[in-house]
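What the sequence shown shows, in our numbering, is residues 123 to 402, in sequence order.
It should be emphasised that the hints constitute simulated quantities derived from the structure, not laboratory data. Cβ atoms here follow ideal geometry from the backbone N, Cα and C, with glycine treated the same way. It is possible that some hints are incorrect.
Unchecked claim - Straight line, CA to CA, 25 Å or less: simulated DSS-like cross-link-like pairs of lysine-lysine:
| id | residue 1 | residue 2 |
| --- | --- | --- |
| 1 | K391 | K367 |
| 2 | K305 | K342 |
| 3 | K305 | K334 |
| 4 | K257 | K225 |
| 5 | K214 | K154 |
As the list claims (entries may be wrong) - Here are the simulated distance ranges between beta carbons:
| id | residue 1 | residue 2 | range |
| --- | --- | --- | --- |
| 6 | A372 | E329 | 36 to 46 Å |
| 7 | G202 | T254 | 33 to 43 Å |
| 8 | M261 | N317 | 43 to 53 Å |
| 9 | P149 | P314 | 51 to 61 Å |
| 10 | E394 | L155 | 38 to 48 Å |
| 11 | P151 | M311 | 43 to 53 Å |
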Amino acid sequence: MLKNLSLLLLFVGFTATSNAQIKTPQPSPAAKLEQVVGLTDVSIEYSRPAMRGRTIFGNLVPYGKIWRTGANANTKITFGHDVVIDGKELKKGTYAIYTIPNKTTWEVIFYTDANNSGTPKEWDENKVAVKTTVKAYEMPMAIESFTITIDDLKVDSAVIGMLWENVYVGVPFEVPTEQIATKNIESVMAGPSNNDYYQAASYYHTEGKDLKQALAWMQKATADGNAPFWYLRRMSLIQADLGDKAGAIATAKKSLEAAKKANNADYIKMNEESINKWQK
Numbered sequence: 123m124l125k126n127l128s129l130l131l132l133f134v135g136f137t138a139t140s141n142a143q144i145k146t147p148q149p150s151p152a153a154k155l156e157q158v159v160g161l162t163d164v165s166i167e168y169s170r171p172a173m174r175g176r177t178i179f180g181n182l183v184p185y186g187k188i189w190r191t192g193a194n195a196n197t198k199i200t201f202g203h204d205v206v207i208d209g210k211e212l213k214k215g216t217y218a219i220y221t222i223p224n225k226t227t228w229e230v231i232f233y234t235d236a237n238n239s240g241t242p243k244e245w246d247e248n249k250v251a252v253k254t255t256v257k258a259y260e261m262p263m264a265i266e267s268f269t270i271t272i273d274d275l276k277v278d279s280a281v282i283g284m285l286w287e288n289v290y291v292g293v294p295f296e297v298p299t300e301q302i303a304t305k306n307i308e309s310v311m312a313g314p315s316n317n318d319y320y321q322a323a324s325y326y327h328t329e330g331k332d333l334k335q336a337l338a339w340m341q342k343a344t345a346d347g348n349a350p351f352w353y354l355r356r357m358s359l360i361q362a363d364l365g366d367k368a369g370a371i372a373t374a375k376k377s378l379e380a381a382k383k384a385n386n387a388d389y390i391k392m393n394e395e396s397i398n399k400w401q402k
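Using the sequences and the accompanying hints, generate a full structural model.
In C-alpha cells form, the structure reads like this:
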C-alpha cells in the first residue's frame, strides 16, 4: 500500500513538473506605450533590444537597409483617428513601423501589413501607406535599450521619438483635434440624437417607468419619417401598453413594411403576431 502510494506521489510530482513552464528574462522585452494626443488615442507595441557592448547603427543595424525598428515581431502603431505625417494623411488603424537608418537621416515607413515577424518576406510598395525622411541627431549620451517615445505633446500634434545607442530621430504627426472637438460640440449643442431618444424610451418601456414619456421620446426618434423597423416596433409596443391599440396597429404596420424591405424574418413575424393580437 505504501509502495503504491509512493509511486503515485512520484508520478503526480513528475507530471506537475513536466507541465510547468520555465520563465526566463527576455533579451528584448516587450513594451506597450499608450498616449492620448489631443483627442486621439495612440498606442505603440514593440520590443526593446539592448546594446550589450555592441556597435548598433552601421553595424548590427546596417545603414541603407530596412529594419524592423526593434526586435522580434515588427513594431506596431495604432491611431484612433486619421492623422497627418509629413503633409500626408494616414488613415486610422494599425501599421507596422519600418525604418531605413542612415548616418544623417532615417526613412520611416508606415506599412499596412502589421503582422510580420520582423520584415516582410516580400516587400510590397503598395502596402506603404506613408513614408517620410527625418533627421538623425547625435546624442551626448548612450541609450542602452531601444526606446520609443511620444513627446512634444500639443493639442493638435506630437512627435514619435526613437532612441538607441547615441542616435535620436523624431517623426512629427498631426491629429484632427479641432475637427473632433467641433463635431462633439455641435452634436451636444444640437441635442439628443434619434438613437438617444430610442435608447431612453426603450429603457423606460422595459423597466416599466413613465410610458407617456417613453412614447414622447419615441415620437421624437421617429419624427424624420425614416425610422428603422426596430424603432417602430418599440413605439407600437409602448402604444399598446398605453391602451392605444389603433395607434399600435398603425405603427406596427409601418414596422412590418420596413422589416419586409429589409428581409428581416424575426421582425416580420413579431409584427404580424402583434397586429393579429391587437385586432381581436
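How the hints compare with the structure:
At most 25 Å may separate the alpha-carbon atoms for a hinted pair to count; K391 and K367 meet this at roughly 18 Å. In summary, the hint linking K305 to K342 is supported, as the alpha carbons are separated by about 22 Å, within the 25 Å threshold. Pair hint K305 plus K334 does not hold up; C-alpha atoms about 32 Å apart against a cutoff of 25 Å. With a C-alpha separation of about 9 Å, the suggested pairing of K257 with K225 holds against the 25 Å cut-off.
Only pairs whose Cα atoms come within 25 Å are accepted, and K214 paired with K154 is accepted, the gap being roughly 18 Å. A372 and E329 have their C-beta atoms about 25 Å apart, which leaves the hinted 36 to 46 Å range violated. At about 20 Å, the CB distance of G202 to T254 disagrees with the hint of 33 to 43 Å. A C-beta distance of roughly 52 Å is found between M261 and N317, which places it inside the suggested range of 43 to 53 Å.
Between P149 and P314 the C-beta distance comes to about 55 Å, which sits within the given range of 51 to 61 Å. Taking 38 to 48 Å as the suggested C-beta distance range, the pair E394 and L155 does not conform, at roughly 55 Å. At roughly 47 Å, the beta carbons of P151 and M311 sit within the given window of 43 to 53 Å.
Of the hints listed earlier, those the structure fails to meet are numbers 3, 6, 7, 10, in rising order.
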